[in-house]
Amino acid sequence: MKIKQKKQKTGKGMSLIVSIVLIFCILGAFVFYVAGRISKEMSAAAIDNLSESLDLIRGTMEAILEKEAEYQKLITKELELMDAPEKLVQFYDGSETMVKLSLVPEGASQGITNKGEAFDPEELDFSAGRMVEDLPISESYINYMGAWAYTLKSPVVLKNQQTATLYIEYIYESFDKALPNRFYNSSASLYILDAESERLVLKPKGMGEREAGHVNLEDFYRANQILEADVKEEITKNVKAGKNVMFYHDIQGKRSLVYMWAVNDGSIYLIGYVPVESIQREGSAVNQNIFIVVLVMLIAFCICCALYFFTQRQRIRAAIEREKERELHNRQLAEALQAAQVASKSKTMFLSNMSHDIRTPMNAIVGFAVLLAKDADYPEKVREYTRKITASSQHLLSLINDVLDVSKIESGKVALTIGEFTLSNMVSSVDAIIRPAAKAKRQNFEVTVTGIKNERLVGDETRINQILINLLSNAVKYTQEEGNIWFRIIGLEQRSSQYEHIRIEVEDDGYGMTPEYLETIFDAFTRAENSTTNKVQGTGLGMAITKNIVELMGGTITVVSEIDKGSLFTVELELRIPEEQVDRNFWKEQGVSRILVVDDEEDICRNVQSLMEDTGVRTDTALSGEEGIRQVCRAGDQDEPYHVILLDWKMPGMDGIETARRIRAVVETHVPILFLTAYDWEELEKEDVQAEIDGFLAKPFFVSALKEKILEVHAVFDDRDQAVDNLETDSLEGCHFLVAEDNEINAEILMQLLEMEGADCEVTGDGQAALERFQNAAVGEFDAILMDVQMPVMNGYEATRAIRGLKREDAANVPIIAMTANAFAEDVKDAVDAGMNAHIAKPVDMGLFKKTVHQYIKRKE
Amino acid sequence: MKRGVCRLGAVLMAGFMAAAAGACGQEKFLEGNLAEEQENRIRSVLLFAPMEKSDPDNENVSRTAFDLTVGMAEEQLGVTVEYRTYTAENYQEKTYDEVALDRARNNMDDFYLLNPDTIQALGEEGKLADLSGLDCAKNLRDVVKTANTVDGKLVAIPQEVVVNGLFVNQDMFDKYHLELPNTPEEFLECCRVFKENGIETPVGANRWWLENFVLAQAYADLYNGDTTEEEIAALNSGEAKYSDYMRPGFEFLKEMIDKGYVDAEKAYVSEAIEGEGPDFLAQKTPIVMAYWGAANADTAYGKPDFQMKVIGFPSKRGQMPVVPLTGYGVSAKAEHMEDTMNVLDVILSDEALKVYTETNKVISPSKNVQVDCIDALKPLNDRVNENVYVLGSNASMKVEQWGNTCNIVRELLNGATVEECLAEFDRLQEESLKE
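Chains X and U are the protein sequences, given in the same order.
Numbers 1 to 861, taken from the working numbering, label the letters of the first sequence in order.
Numbers 1 to 435, taken from the working numbering, label the letters of the second sequence in order.
Looking at chain X on its own, in the form it has when it is part of the complex:
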């Protein structure tokens, strides 16, 4: 079909071209015809014009000759009246025209000239019988002036008897002034020829060839290559008959018109030639202009055609592009449709999963609630059921949190909360969460930190924690019991001095993943399923969230995994280093200038040394307990004692506990001896080492952790008696809260929980009511205000701002804690911005709640 269309198009194009060519041929033929006609007409006109010009010159010359003859007759008449005519002749002085007068008496062989010289009429040749106004004219000759001349003779008759003959000599050069100065703009040549002698007697000014020295007619023929005998014969015949001659001939390579124009019945001839191009200048100019016009029109037409074809091509190109765009659009639509179908399928799967995942804990909650109602009288069963309900609720809550988190990330509404944090704290908190879980599955959980130059960094600690916990909890989940999990934080080479480049590796030797699953592991709503992990529950959103957060931080996450061999997740991040990183005075203030590290692992010793390099504190190491003791003793002897001693617990030979005891015996009591161990502290606490050990530092070693520990230990040393019982501070006993909560059930739960803790509260239904109640309350009546956010009349933020704006002495200080289901980081920020002190997400975790409340009440106190 397309080929047929193409053929049709080609056919149309060809016929168009043929039509155009045909039109141009017709136009060209017409122009050629017109140009030819113009040339012909102009040529005829030019010949007429040339003839007229030659006639004019002839007329002028004949007029001069006639006037000369007439004047000579008058002089003759005068002479006839005089008695001594020779005297009159001698009296004549000559002029430019009549250069010599001679009078020959009748019968005399010689006469006399006006110059008094003898004149012999025999020297002149009148034999040709040519006349001018009835006066005989002689053959031309060179006269005494060196000029070509002719003589007219006239008889002097007295009483009907000729008494003498008057001869007057005229020169041809006298014609020059009467003739035009230019002939066809000097391109034509013109000579005056004496017909009898065939000598060229005058070349008028501006009319001959300057470089041609023509002498006579034969020379004229030879110079101009008029050599054809028949032509010359024809010319001679016409000249003898006194006729005009004009014919075309090539002269010096140019088509020319040769003319021979008879003057005075052929006694004199005007001869010469003019190139045809000179007499047809107008015709040539007209033809040239016609051709120029045609050429311009042709060019204009070609330009128009080119423009048309160009436009047409552009249009076709645009059409092709549109077609391509449409195809692309269709493809995109198809892809979008496919993606939508996949998404729909994923969503369906997700809903199915969610249905399953939500219903499972919900089933437990509902089921145990029914059992609770039934077995309310059996406290053991009640505790068992409530423990299970709580566990199911926690699971359900985490499920909901994940779903909400991923949807938020995907909608691009997540903002990072940037702040300073220490790696040690972060690792500690992660360790605190993961280690118990790992321990529960009897898994070996190993944490190592190497190459980190700056522990204090700037970033979103919460989100980094989230990444680590997601990866590590997955590792715990997908690793069999008694498996191994390695958590490594490695400092890489810095790309910029302002950023710490770190790599986080989470490795396990667990179940591993299939290559197919690896391809979709970071997609939402996917979950590894196999016979082994089917019992593992989850939303399938954790890795998607993790990847999104990493990318949000400008980092990368990769995974390698092999089924039944384990997995390795690698996260690389660049975190900014705070400007004031090092507090160099700390060590001086605390009186620490030398420490000892005792560990059988050389790497650890070296790591501690490396990390302590920038602190200015001298760090010695010992690879065994015995060596450690020796070094302590030596330092004491040298009066350069160690100010802090770090001991590994389990070492070959003398273990940490024994080493601590022996060291304690030789060092002063205020020198802190700290255990640096990867083991659970609780196990250590069981050992009877309390007397010798001042504290524990979890491996891996962090300088910041050491600093905190030193502060802590020094504080203990300073105020051992003022120790506060942590258990007592956790209690809310006697606290009085103002609660703003619009949901009656939530309000009731909160009241019951507070009551359980020995506190009481006063509930208001909205922010406005809470504000009014606070206004009316006595100063210090409420220990804190627990503020819901979404409430009718006035929301929590507005109410907080209004309370902070009150002119009461406690308005600015009263702790206001947000208790809301708006649980995202932005919500926390909004709460703080509104003037609240803290934010606790619903459902309320009482432990966290107590801790938070105490933080602020304590400050108040």
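Keep in mind that a hint or two might mislead.
What the hints assert, rightly or not - Computed list of lysine to any residue pairs in SDA-like fashion (alpha-carbon distance at most 20 Å, straight line):
1) X:Lys205 with U:Asn107
2) X:Lys177 with U:Asn106
3) X:Lys205 with U:Gln307
4) X:Lys381 with X:Leu371
5) U:Lys153 with U:Gln307
6) U:Lys145 with U:Gln370
7) X:Lys177 with U:Asn107
8) U:Lys94 with X:Asn143
9) U:Lys333 with X:Gly94
10) X:Lys205 with U:Leu77
11) U:Lys378 with U:Ser432
12) X:Lys477 with X:Glu562
13) U:Lys333 with X:Thr97
14) X:Lys177 with X:Glu122
15) X:Lys115 with U:Lys398
16) X:Lys205 with U:Val369
17) X:Lys73 with X:Met61
18) X:Lys205 with U:Gly78
19) U:Lys145 with U:Leu77
20) U:Lys94 with X:Ile142
21) U:Lys333 with X:Glu196
22) X:Lys177 with U:Gly71
23) X:Lys205 with U:Tyr83
24) U:Lys316 with U:Asp221
25) U:Lys94 with X:Glu196
26) X:Lys237 with X:Lys177
27) X:Lys177 with U:Met337
28) X:Lys177 with U:Glu335
29) U:Lys94 with X:Lys381
30) X:Lys842 with X:Gly94
31) X:Lys477 with X:Gly512
32) X:Lys115 with U:Asp221
33) X:Lys205 with U:Met337
34) X:Lys115 with U:Glu386
35) X:Lys707 with X:Ser428
36) X:Lys709 with X:Asp614
Said to hold, decoys possible - Chain X side only, calculated, beta carbon under 8 Å to chain U, not exhaustive:
37) Ile142
38) Ala147
39) Lys205
40) Gly206
Derived from the structure by calculation, the hints contain no laboratory data.
Heads up, the beta-carbon is just placed ideally off N, CA and C, and yes, glycines get one too.
Using the hints provided, position chain U relative to the given structure of chain X.
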């Protein structure tokens, strides 16, 4: 939008038409009186100069060179140079020199190209204007000034230093194992050999240039010795006789005629080159005489089919070039005197002479213009560069040399004896002493 475009188009079209109409209507007087300009355009001066008969098959280099310089003058001055010319059809008619004398005496033209004898004649008659005030006169060689100064007036200046020499067919000389002749004796010997080998007329001649033999032999010592001025003074005072100087040359010519080395009858009626040229080019005649420029002009001997050499005339001092200085003379009563002087100043300027000399490959009259010559002319050129030459005319001699010697040689050709010819010199000298 469409209407706007149409309006814009209409306005543009109207503007275009108005402009076109305006342009057509500008037939105004602002461009000046055209008729007056026409008058100015045809300002001209008249030159009388000989013109060789044109040959459509050959380019006349000397005319081309001359026209180039005239073109320069016309362009610079806005003046047209018009020519009058005359060429005798036969020996019975007036010669160019005679016509030139007549025309100059009757003030027919503004300036003339004159041969040495006419320069001297007209200069002595006071018919020629003094050209020593022209800028171009300052650069002239001394030989030019010497030859063309009459009564203290520089009356003519040439565009080339005309050097006459013998044009020989080297191939024919080689064929008969002949050396190029240096002395009259050697020359006669060469002619003898040619004659014996069937060359009917070894020397081609015309009625104009045979006097070169006479002058070369007459004045070889005078011009190439140390007593030039004294000898000329002696001639002018009558202490020395021209006839004594001329005798060897005339006797030499007479011997040539008698032995048939020159065809006297033919030479007597032949015009320059026309008579002897065809035979020389056809290699029937091994020796002719001509002027330097003839070796460059296609209309003369510019394209021979043989190896040609140009040498000096035989003399007892060896090959002797003869320098008959021609020149442009301005009529003392020229109608367009100022324009004529200006034209001369242009065509004789160093710039114009350089063009002329390079085109024509001749010796320039200006000290400042030097051009290499063609190979054929080298023998002649070498002699001139050695300052070995004889002047064909010398205005400081009271008896005009070039024209008179030419005429007397014609008498010799016409049958006069050597003694009769020499007697004519004595007569001329006596006449000059009377003045």
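Okay, the hints, checked on the actual structure:
The straight-line distance between the Cα atoms of Lys205 (chain X) and Asn107 (chain U) is roughly 17 Å, inside the 20 Å bound, and the hint therefore holds. For the suggested pair Lys177 (chain X) and Asn106 (chain U), the alpha carbons sit about 18 Å apart, so the restraint of at most 20 Å is met. For the hint linking Lys205 (chain X) to Gln307 (chain U), the alpha-carbon distance of about 43 Å lies beyond 20 Å, and the restraint is violated. Taking the CA atoms of Lys381 (chain X) and Leu371 (chain X), the gap is about 9 Å. The hint holds against a cut of 20 Å.
At roughly 43 Å between alpha-carbon atoms, Lys153 (chain U) and Gln307 (chain U) are farther apart than 20 Å, so this suggested pair is violated. A hinted pair counts as satisfied when its Cα atoms are at most 20 Å apart, and Lys145 (chain U) with Gln370 (chain U) qualifies at roughly 18 Å. Note on Lys177 (chain X) and Asn107 (chain U): the hinted pairing holds, with a Cα-Cα distance of about 16 Å set against a maximum of 20 Å. About 10 Å separates the Cα atoms of Lys94 (chain U) and Asn143 (chain X), which keeps this hinted pair within 20 Å; it holds.
The suggested pairing of Lys333 (chain U) with Gly94 (chain X) holds, with an alpha-carbon distance near 18 Å, which does not exceed 20 Å. For the suggested pair Lys205 (chain X) and Leu77 (chain U), the alpha carbons sit about 18 Å apart, so the restraint of at most 20 Å is met. Proposed proximity of Lys378 (chain U) and Ser432 (chain U) is contradicted: the alpha carbons are some 39 Å apart, above 20 Å. Simply put, Lys477 (chain X) and Glu562 (chain X) have alpha-carbon atoms about 16 Å apart, close enough for the 20 Å limit, and the pair holds.
Restraint check: the Cα-Cα separation between Lys333 (chain U) and Thr97 (chain X) comes to about 19 Å, which is no more than 20 Å; the hinted pair holds. Straight-line distance between C-alpha atoms of Lys177 (chain X) and Glu122 (chain X) comes to about 31 Å, which puts the hinted pair past the 20 Å bound. Taken as a hint, the Lys115 (chain X) and Lys398 (chain U) pair is broken in the structure, with Cα atoms around 30 Å apart against an allowance of 20 Å. A hinted pair counts as satisfied when its Cα atoms are at most 20 Å apart, and Lys205 (chain X) with Val369 (chain U) does not qualify at roughly 33 Å.
Restraint check for Lys73 (chain X) and Met61 (chain X): the C-alpha separation of about 18 Å stays at or below 20 Å, so the hint holds. Annotation: proposed proximity of Lys205 (chain X) to Gly78 (chain U) holds, straight-line Cα distance about 16 Å (limit 20 Å). For the hint pairing Lys145 (chain U) with Leu77 (chain U), the CA-to-CA distance comes to about 26 Å; that exceeds 20 Å, so the pair is violated. In summary, the hint linking Lys94 (chain U) to Ile142 (chain X) is supported, as the alpha carbons are separated by about 8 Å, within the 20 Å threshold.
About 35 Å separates the Cα atoms of Lys333 (chain U) and Glu196 (chain X), which puts this hinted pair outside 20 Å; it is violated. A hinted pair counts as satisfied when its Cα atoms are at most 20 Å apart, and Lys177 (chain X) with Gly71 (chain U) does not qualify at roughly 24 Å. The hinted pair formed by Lys205 (chain X) and Tyr83 (chain U) meets the criterion: a straight-line CA distance of about 8 Å does not exceed 20 Å. Using a Cα cut-off of 20 Å, the hinted pair Lys316 (chain U) and Asp221 (chain U) holds, with the two alpha carbons roughly 9 Å apart.
For a cut-off of 20 Å, the pair hint linking Lys94 (chain U) to Glu196 (chain X) stands: about 19 Å separates their Cα positions. The hinted pair formed by Lys237 (chain X) and Lys177 (chain X) fails the criterion: a straight-line CA distance of about 32 Å is larger than 20 Å. Note on Lys177 (chain X) and Met337 (chain U): the hinted pairing holds, with a Cα-Cα distance of about 19 Å set against a maximum of 20 Å. Taking the CA atoms of Lys177 (chain X) and Glu335 (chain U), the gap is near 14 Å; set against the 20 Å cutoff, the hint holds.
Distance restraint check for Lys94 (chain U) and Lys381 (chain X): the Cα-Cα separation of roughly 167 Å exceeds the 20 Å cut-off, and the hinted pair is therefore not satisfied. Between Lys842 (chain X) and Gly94 (chain X) the CA atoms are separated by roughly 148 Å; this puts the pair beyond 20 Å, and the hint is violated. Straight-line distance between C-alpha atoms of Lys477 (chain X) and Gly512 (chain X) comes to about 11 Å, which keeps the hinted pair within the 20 Å bound. Proximity of Lys115 (chain X) to Asp221 (chain U) is assessed by CA-CA distance (about 47 Å); at most 20 Å being required, the pair is judged violated.
Distance hint between Lys205 (chain X) and Met337 (chain U) is fulfilled; the C-alpha atoms sit about 18 Å from each other, no more than 20 Å. Restraint check: the Cα-Cα separation between Lys115 (chain X) and Glu386 (chain U) comes to about 53 Å, which exceeds 20 Å; the hinted pair is violated. Annotation: proposed proximity of Lys707 (chain X) to Ser428 (chain X) holds, straight-line Cα distance about 15 Å (limit 20 Å). Proximity of Lys709 (chain X) to Asp614 (chain X) is assessed by CA-CA distance (about 19 Å); at most 20 Å being required, the pair is judged to hold.
Taken as an interface hint, Ile142 (chain X) checks out: its beta carbon lies about 5 Å from the nearest beta carbon of chain U, inside 8 Å. For Ala147 (chain X), the shortest C-beta to C-beta distance to chain U is roughly 6 Å, which falls under 8 Å, so the interface hint holds. The restraint placing Lys205 (chain X) at the interface with chain U holds, with a minimum CB-CB distance near 5 Å, inside the 8 Å limit. This hint holds: Gly206 (chain X) has a C-beta 7 Å from the nearest C-beta of chain U, less than the 8 Å allowed.
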